[in-house]
Structure formats: C-alpha cells, structure tokens
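**Q** Under the numbering used here, the residue at position 152 of the sequence shown is numbered 153, and the numbers go up by one with no gaps.
What the hints contain is simulated information worked out from the structure, not anything from laboratory work. One or more of the hints may lead you astray.
Claimed, not checked - With a straight-line Cα cutoff of 20 Å, these simulated SDA-like cross-link-like pairs (lysine to any residue) come out:
id	residue 1	residue 2
1	93	121
2	51	26
3	93	57
4	15	250
5	93	118
6	93	170
7	51	27
8	55	37
9	55	16
10	15	57
11	51	65
12	55	69
13	55	93
14	15	163
15	93	32
16	15	201
17	93	36
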Amino acid sequence: MIELRTPAEIEQMKPAGAFVAQVLTTVREAATVGVDLLRLDAIAAEMIRKAGAKSTYVDYHPSFGAMPFGKVICTSVNDAVLHGLPHAYRLKDGDLLTLDFACEVDGWVADSAVSFVVGTPREADLTIIETTERALDAAIAAAQPGGRMGDVSAAIGEVCHAAGYSVNLDFGGHGVGRTMHGDPHVPNDGRAGRGVHLRPGLVFAIEPWLMETTDRIFTDPDGWTLRSADGSRAAHSEHTIAITEDGPLILTARDSLVE
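All chains, please: the whole structure from these sequences, using the hints.
**A** This is the structure in structure tokens:
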C-alpha cells in the first residue's frame, strides 16, 4: 500500500535522512587502504548506538536473503553491486567500494548509498560511478508533483543507456517511511508518463546501479552479496526523496556535510 506523508511527517523524517547522510560521510572518510570492512561496519554501529537510532539491517531477512543480514551497513567491493555483507577484508589500493546504509531515527527510516574508489582510481571506475550519480540527479529532477513514476524510471534509463550500459531491473528503488522497503517500486528503466502518480507526500528511495559490461547478477556464497555475472565492476548511487508541492526534497543530501 502506498502511503502519503503530511508536511509535518516529512519534517519529522528529516533527522533520519540527516543521520544516514552523516554515517555515510563518516564511514567514507574512514574507508582508506588497509582498513577492514568489519571496521567500517563497527564505526556505523557505534554511531547508531550513540544516536539512539535503530538498525534496519541487522534483523532484516527478506526472501532473497539466506539469513538475517546481521550487520548494519552494506559494503560492496569491486564486482559486488548490492547487499555486500561486511566480512574480514582489508581494502586495497584501487578498490571500488559502495556503501549502502539505512537506519531508523524516531520511528522514521531513510536510505542512501554512495560509490567511490579507495586510493588510486581507474578511469572506467570513475565513469561508471559518475554515470550512476548523473542518473540519480536526472531521476530526482524528473520527480515532480503531477508526474508519474515512469518519468523517474525513464530518466535513469536514458542516462545509463546513453553512456553505453545495460540496466538490470531485478532490484530498484522503493517506498520509504516507517519501514525500509515499501510501495511503490521504482524501476531503473521505464516509460515516461506511466506508473504511479507522483503526489505530494510520496516518499521513496531512488537507486540507479550499474555493472560495467553486463546486466546479469548472481548471489555470492555468503547468501547476500550480489555480484556481476562476468566479474566486472559495479557502482550504485541512492537518495531518499520526498515529493512536495514545490518539487522533490532530498532527505539524505550530503551537500552540507564535509566528504
């Protein structure tokens, strides 16, 4: 069921968005060569504890997960694109890392993701990261009151296809509110003018993700991490937004934070 939030409720969601942005910024700063993924998860967990917030990941066990996730942040490295389960791995120079984090603050949830290169970047990595960021920006710009969800999906697909990437539709964006995942689904490709009406009060996450030379994925033996079928690298960008009378409001914006 799609729920519309009142202006007062959207105001109440802002602290969750700001906290998610703060955690991603802090963990990104800590993600240097030689740092273990479990250390990054511990940093996020400590921030959750100090803030009196609640992890939406630890007990999360959807049908596609082998067991409850058990950690508080997703850390997807190189050919891992989604749901990267933190494990004992020390980051190496040139690793492409995606951090995906959702959390509940005062009963409201926000969700966001960022990809970046640790140490020395490859040009192809920078290109795929930049493409997901441009696709996210285009999708947010298309999320106007009175429009349709297809406008958002089409904006993502247009950017990704123009850059030469194929798009996987198995996972996409989703409604956000009292829980991490809800209606509506936000596909990463589609036709403008179709789908759910974008009405003020609608809150959802937009999350374009791409793999360098494939659109096929498989699940890692850890039961959670999704990897590219051909071993090519991947990137993922995400924000939680609210549709308002004045246009889209980015609840997880990191612009005001030092990255």
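**Q** Sort out whether residue 16 lies within 20 Å of residue 55, counting only the CA atoms.
**A** Within the cut-off at roughly 13 Å; holds.
**Q** Within a Cα-Cα threshold of 20 Å, do residue 51 and residue 27 meet the stated pairing?
**A** 14 Å, holds
**Q** Quick one, are residue 15 and residue 201 close enough, alpha carbons at most 20 Å?
**A** 16 Å, holds
**Q** Does residue 93 pair with residue 118 here, judged by a C-alpha cut-off of 20 Å?
**A** Given pair residue 93, residue 118 holds - Cα atoms ~10 Å apart, limit 20 Å.
**Q** Holds or violated: are the alpha carbons of residue 93 and residue 32 at most 20 Å from each other?
**A** 10 Å, holds
**Q** Keeping to a limit of 20 Å between CA atoms, is the pair of residue 15 and residue 57 held or broken?
**A** Judged against 20 Å, a Cα distance of about 17 Å means the pair holds.
**Q** Take a quick look at whether residue 51 and residue 65 sit within 20 Å of each other, Cα to Cα.
**A** 31 Å, violated
**Q** Taking only the CA atoms, is the gap from residue 55 to residue 37 under or equal to 20 Å?
**A** With Cα atoms ~23 Å apart, residue 55 and residue 37 exceed 20 Å; violated.
**Q** Holds or violated: residue 93 and residue 121, Cα atoms, limit 20 Å.
**A** Cα-Cα ~10 Å, so holds.
**Q** Does residue 93 pair with residue 170 here, judged by a C-alpha cut-off of 20 Å?
**A** Measuring from Cα to Cα gives roughly 30 Å; hence the hint is violated.
**Q** Given the proposed pairing of residue 93 with residue 57, does the C-alpha separation stay at or below 20 Å?
**A** Status violated; Cα separation ~28 Å.
**Q** Holds or violated: are the alpha carbons of residue 51 and residue 26 at most 20 Å from each other?
**A** With Cα atoms ~16 Å apart, residue 51 and residue 26 stay inside 20 Å; holds.
The earlier numbered hints that this structure contradicts are 3, 6, 8, 11, 13, 14.
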